[in-house]
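Visitor: If you're matching them up, the sequences are chains A and B in order. Heads up: the first sequence begins at 1 in my numbering, then just goes up one per residue. Heads up: the second sequence begins at 208 in my numbering, then just goes up one per residue.
Hints in this document: simulated from the structure, not taken from any laboratory. Possibly wrong hints are sitting among the right ones.
Stated by the list, open to error - Lysine-lysine pairs mimicking DSS-like chemistry, simulated, CA-CA at most 30 Å apart: (1) A/K180 / A/K30; (2) A/K75 / A/K14; (3) A/K47 / B/K218; (4) B/K269 / B/K388; (5) B/K218 / A/K76; (6) B/K231 / B/K218; (7) B/K365 / B/K388; (8) A/K86 / B/K282; (9) A/K30 / A/K177; (10) A/K86 / B/K218; (11) A/K75 / B/K282; (12) A/K75 / B/K365; (13) B/K269 / B/K306; (14) A/K47 / A/K34; (15) A/K177 / A/K34; (16) A/K181 / A/K47; (17) A/K166 / A/K19; (18) B/K241 / A/K47; (19) A/K76 / A/K19; (20) B/K306 / A/K86; (21) A/K19 / A/K181; (22) B/K218 / B/K306; (23) A/K76 / A/K181; (24) B/K269 / B/K218; (25) B/K388 / B/K231; (26) B/K269 / B/K231; (27) A/K76 / B/K282; (28) A/K76 / B/K306; (29) A/K14 / A/K34; (30) A/K181 / A/K30.
Said to hold, decoys possible - Distance windows between CB atoms, simulated: (31) B/S326 / A/S154: 54 to 60 Å; (32) A/R20 / B/K269: 44 to 50 Å; (33) A/A36 / B/T210: 37 to 43 Å; (34) A/S154 / B/R255: 35 to 41 Å; (35) A/R16 / B/F268: 43 to 49 Å; (36) A/Q162 / B/D286: 28 to 34 Å; (37) B/G324 / A/L28: 51 to 57 Å; (38) A/L139 / B/F394: 52 to 58 Å; (39) B/L341 / A/D103: 40 to 46 Å.
Think of the CB as a built atom: it goes at the ideal place given N, C-alpha and C, for glycine as much as any other residue.
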Amino acid sequence: MQQKVYYVTSNRGKVREAKRLTANEFTLIKIIDKNAELEEIQTFDEKTVIEHKAQQAWNAVQGPCLVDDAGFYLKKYGFYPGTLAKPTAISLGWEGIYRLIDDDNRVTIYCRICFTEDGINFHHFRADTEGEIITPPSLELLNSRGFASIFKPSGSKYTYLQMAGKQEANEYYHRTKALKKFFTWYEEQVRQRGVTYVADDSGSFND
Amino acid sequence: MATTLLFVTEKEAIFDQVNEFFKKHAPQIELVFKTPQWHELQSLEEERVIQHKAMRAWNHFKQPLIVEDSGFYFKRYPDFPGTLSEFALSGLAREGINKLCRADNQATAFSWIGYIGQSNADCYFNSRVEGYILDEFAPATQTNFDMMPIFHPEGSTKTLQQLIGNDRELQFSPRLKACKKFINWYFDLPEDV
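Next comes chain B alone, as it looks inside the complex (with noise of 0.2 Å):
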């Protein structure tokens, strides 16, 4: 019988990538989507965000849960935008981000899966993935306005977006390396399985 846990997050699209996985990877586990009615921490710690969002989804759930949080660093700006990388995206778009590119595009890009489970002990997994930001990336729509067009993993041919569903994904999306190390510490095997 397949173990329920909620995946707490805003974006479907999201929801659908990591599903996706865990239907492969850990099909022992059913993901059930809900979205947070509340805001996210605001802080430059990724530590501190995952485990504040990890912390109010159970608060509100009280069931089982994983959340996430991915974005990147560009090389030059090693803080920025980091935890703000949503924001930083849209309130910057296109034009802005373009100018930081300018100077050097080299960036990295990280996700951190977020689990609470029955006893309430919460743990945390991330995964980082060098690569560059495309100098001139396509606008994208309103509701798939993140990273995930614009990032270019180091040795792959496509963006993080262009690589979903790809037999490479997981060699190169930090959010499902993350969603890795998680499967491997649920089930109890090895880091490099």
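If we strip away everything but chain A, and leave its shape as in the complex, we get (with noise of 0.2 Å):
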């Protein structure tokens, strides 16, 4: 039998991660994928902003849930932008971007996921990655992929994109280190105080 988490975020591909894992490594657990949009508010504060996003899933399914938050902070500005990472790279552009690390371009990305039971009850578990933004190969493949084509962690000669299926990835990719943090946590739980949450068919929970 195994304990049933939902996954709740608007981006599928996070999801087939996480059951990925899940299928290979920590065979207690069983993702199940909750297509919604969170809200979020506007703060630096890491938890602040995960624990909002966290309510609402909570909210949506009433059952054990995780969501995820990730952000990059650029060293020469201690911590931006951080929690707004994406509107700000949204907004600001990739000009804009390099413009403010042409003499700096060291960056820490992380992410950081939220799981609760209950809806009162939080816990954390966050992982980063050390890097730098390096000059795109094209400007078309830094358009169509993002900040992935530009990231090379430190340690690796690979950027994000690059070792995408490759077994570096685990050792680097932010999301892939923080979803193995909860999992090894929570299936530990599993194995103290065995399974309490068993979902039918349609994903509804029964204690």
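Build the complex: two chains, separate frames, hints provided.
Guide: Structure (structure tokens):
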């Protein structure tokens, strides 16, 4: 029997990644895909942002659920843009980003996972990867593949995009690392107390 | 008898500026300062942000109120920082803003005033002012680190900060222009009054 957990996100690729991980390494956990757009609030505080998302996720599914939030920090500017990385990159554009990092291209990319079973207690799992933003191989690639095509983790000779599908990705991908932290912790919880939530085929929960 | 309106804003300096303006242009309205205990919506759409602010404040206070939102856009980066202005200024600080200014320091400042009245009906008023960001602006204090000291309206010899209390403030301040639109609407005055 498996412990069922909703992954509440509008990104199907993230769910596929989580399902791949649980199928291969964390077999006590079964990920259930819950497609939802979650409202985000405007603050630099990672925990506040993701707990707001987790609360909405729990309200939607009323059961064990996880959400994620990712961003990056430009080393030169300390805690910027962090939680606001996505709207900043969209609104400023790559030309602006490159202007900001013209003398220091170091960057830390992070992923935070937040899990709750009751909508009251929130558990956090965070992983980050340090690296640099490199000159784009081509503008076309940058426009089509975005950040993955220009982020090269420290210690690797590949960009995120180049290591896709390779073993090396497990070592560097921030989301993979954060998900593994969560799954490791949650499997241990399940081992200790047994499976508490079993889903029927429709995905609804029965205690 | 004066009508009471809550003004829900995080910054006392903004309340003071708007309150002084209302005392002069709408003495029939008494503004009461309230600070929100919540975060604003993350969105690049100005309308969504101001509407969310107004509705969130209404749901909390259940009284007639106004909220405001202000920011600016670089001409070279027409979508940035906009609704993220406060965060861009504090996150990028002087050095980052100056890097972006070096390419082109022309900018547009904007302000919104959102109102929700007794009947829960909402109305929104905005204004935009062209100008530029000072290339080498002086570091602002922590409590006053916004666009006011660095935005220089076109045609003015002063920054928005320096214009506070000035006779020509209404001519250049997008916040006061939006307030004036609201007052004109509230008292059913013609647009150009």
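Visitor: Confirm or reject each hint.
Guide: Okay, the hints, checked on the actual structure:
1. A/K180 / A/K30: Roughly 14 Å between the alpha carbons, so the hint for A/K180 and A/K30 holds.
2. A/K75 / A/K14: holds, 26 Å
3. A/K47 / B/K218: holds, 24 Å
4. B/K269 / B/K388: holds, 23 Å
5. B/K218 / A/K76: holds, 28 Å
6. B/K231 / B/K218: holds, 21 Å
7. B/K365 / B/K388: Distance of about 23 Å is within 30 Å: holds.
8. A/K86 / B/K282: Holds, at roughly 20 Å.
9. A/K30 / A/K177: This hinted pair holds, its Cα atoms lying about 18 Å apart.
10. A/K86 / B/K218: Distance ~26 Å between A/K86 and B/K218 Cα, so the pair holds.
11. A/K75 / B/K282: holds, 26 Å
12. A/K75 / B/K365: Violated, at roughly 34 Å.
13. B/K269 / B/K306: Roughly 44 Å between the alpha carbons, so the hint for B/K269 and B/K306 is violated.
14. A/K47 / A/K34: holds, 22 Å
15. A/K177 / A/K34: Holds, at roughly 21 Å.
16. A/K181 / A/K47: holds, 17 Å
17. A/K166 / A/K19: Within the cut-off at roughly 17 Å; holds.
18. B/K241 / A/K47: holds, 26 Å
19. A/K76 / A/K19: violated, 36 Å
20. B/K306 / A/K86: Status holds; Cα separation ~20 Å.
21. A/K19 / A/K181: Holds, at roughly 15 Å.
22. B/K218 / B/K306: holds, 27 Å
23. A/K76 / A/K181: Holds. A/K76 to A/K181 sits at ~28 Å (cutoff 30 Å).
24. B/K269 / B/K218: At roughly 21 Å apart (the allowed maximum being 30 Å), B/K218 and B/K269 satisfy the hint.
25. B/K388 / B/K231: holds, 15 Å
26. B/K269 / B/K231: holds, 27 Å
27. A/K76 / B/K282: holds, 24 Å
28. A/K76 / B/K306: Measuring from Cα to Cα gives roughly 12 Å; hence the hint holds.
29. A/K14 / A/K34: Distance of about 11 Å is within 30 Å: holds.
30. A/K181 / A/K30: Within the cut-off at roughly 16 Å; holds.
31. B/S326 / A/S154: 54 to 60 Å: holds, 59 Å
32. A/R20 / B/K269: 44 to 50 Å: Once the Cβ atoms are compared, 49 Å apart, the range 44 to 50 Å for B/K269 and A/R20 holds.
33. A/A36 / B/T210: 37 to 43 Å: holds, 42 Å
34. A/S154 / B/R255: 35 to 41 Å: Check passed, 38 Å falls within 35 to 41 Å.
35. A/R16 / B/F268: 43 to 49 Å: holds, 44 Å
36. A/Q162 / B/D286: 28 to 34 Å: Hint holds: Cβ distance 30 Å, inside 28 to 34 Å.
37. B/G324 / A/L28: 51 to 57 Å: holds, 55 Å
38. A/L139 / B/F394: 52 to 58 Å: Cβ of A/L139 to Cβ of B/F394: about 54 Å, so the range 52 to 58 Å holds.
39. B/L341 / A/D103: 40 to 46 Å: violated, 22 Å
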